[in-house]
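S.K.: Sequence:
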Amino acid sequence: MTQKSPISLPILTAAIGFRPEFLDFNRGIRVGNLEDNERITRILKLALDARYRQPFVTERWGRGVFWQWIGYLPRANRSAKPLSSHVSFGCAKFFVMVDTDDKLFKCGLQIERGYLEAPREYRKCKLRSDWDWHHLLKGLTPRSPMERELRRLVLREGFRLYAGSWESGPEEFSKTNFPS
Numbered sequence: 108m109t110q111k112s113p114i115s116l117p118i119l120t121a122a123i124g125f126r127p128e129f130l131d132f133n134r135g136i137r138v139g140n141l142e143d144n145e146r147i148t149r150i151l152k153l154a155l156d157a158r159y160r161q162p163f164v165t166e167r168w169g170r171g172v173f174w175q176w177i178g179y180l181p182r183a184n185r186s187a188k189p190l191s192s193h194v195s196f197g198c199a200k201f202f203v204m205v206d207t208d209d210k211l212f213k214c215g216l217q218i219e220r221g222y223l224e225a226p227r228e229y230r231k232c233k234l235r236s237d238w239d240w241h242h243l244l245k246g247l248t249p250r251s252p253m254e255r256e257l258r259r260l261v262l263r264e265g266f267r268l269y270a271g272s273w274e275s276g277p278e279e280f281s282k283t284n285f286p287s
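Be aware that the sequence shown starts at 108, since it is given in the working numbering, and climbs by one per residue.
These aren't lab readings, by the way, just hints derived from the structure by calculation.
Errors might be hidden in some of the hints.
[As the list claims (entries may be wrong)] Only pairs whose alpha carbons sit at most 25 Å apart, straight line, appear in this in silico BS3-like list of lysine-lysine:
| hint | residue 1 | residue 2 |
| --- | --- | --- |
| 1 | K188 | K231 |
| 2 | K210 | K245 |
| 3 | K233 | K188 |
| 4 | K282 | K210 |
| 5 | K245 | K152 |
| 6 | K152 | K213 |
| 7 | K231 | K245 |
| 8 | K233 | K245 |
| 9 | K282 | K231 |
| 10 | K188 | K210 |
Build out the structure end to end from the sequences listed, making use of the hints.
M.R.: Structure (structure tokens):
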């Protein structure tokens, strides 16, 4: 007997109370002192859980009422990692953020490489063999499905791609400079 997928209920968009003023370009994304239906953390988590029919973990950077970065990753992805199941750093994740320096709202998919030789204070950020970074590199071969999809997103949909290291900073790719 085949097992049925769990039923995922649609999100009632009328109940969503997130407002644009919760994006504060000086302090971050307001998450505190709000009702559940106003919290972007709750709204996006419920949407991802329903869309992908699996539980997501919410990560954050920030404290108190305002957070600068919020990430979402499938719990199963993190749990399946034999070496790194105790940390989320090596997992691919969806994110939203407010860049308070450039006064921009950003969202997308983030995949960290980590340090080849991690400083003492960032030991958990040392690249491990079970990180999603390795899957990304395997998928980025010329003319691969991933390369074609990135090309489509950047050239046809207007997405921007940021890639680089913490030491040298990210390089930005757009329609004007995407490699041919």
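S.K.: Evaluate each hint against the coordinates.
M.R.: Hints versus structure:
no., hint, in the structure
1, K188 x K231, "holds, 14 Å"
2, K210 x K245, "violated, 34 Å"
3, K233 x K188, "holds, 15 Å"
4, K282 x K210, "holds, 22 Å"
5, K245 x K152, "violated, 29 Å"
6, K152 x K213, "holds, 17 Å"
7, K231 x K245, "holds, 23 Å"
8, K233 x K245, "holds, 19 Å"
9, K282 x K231, "violated, 35 Å"
10, K188 x K210, "violated, 36 Å"
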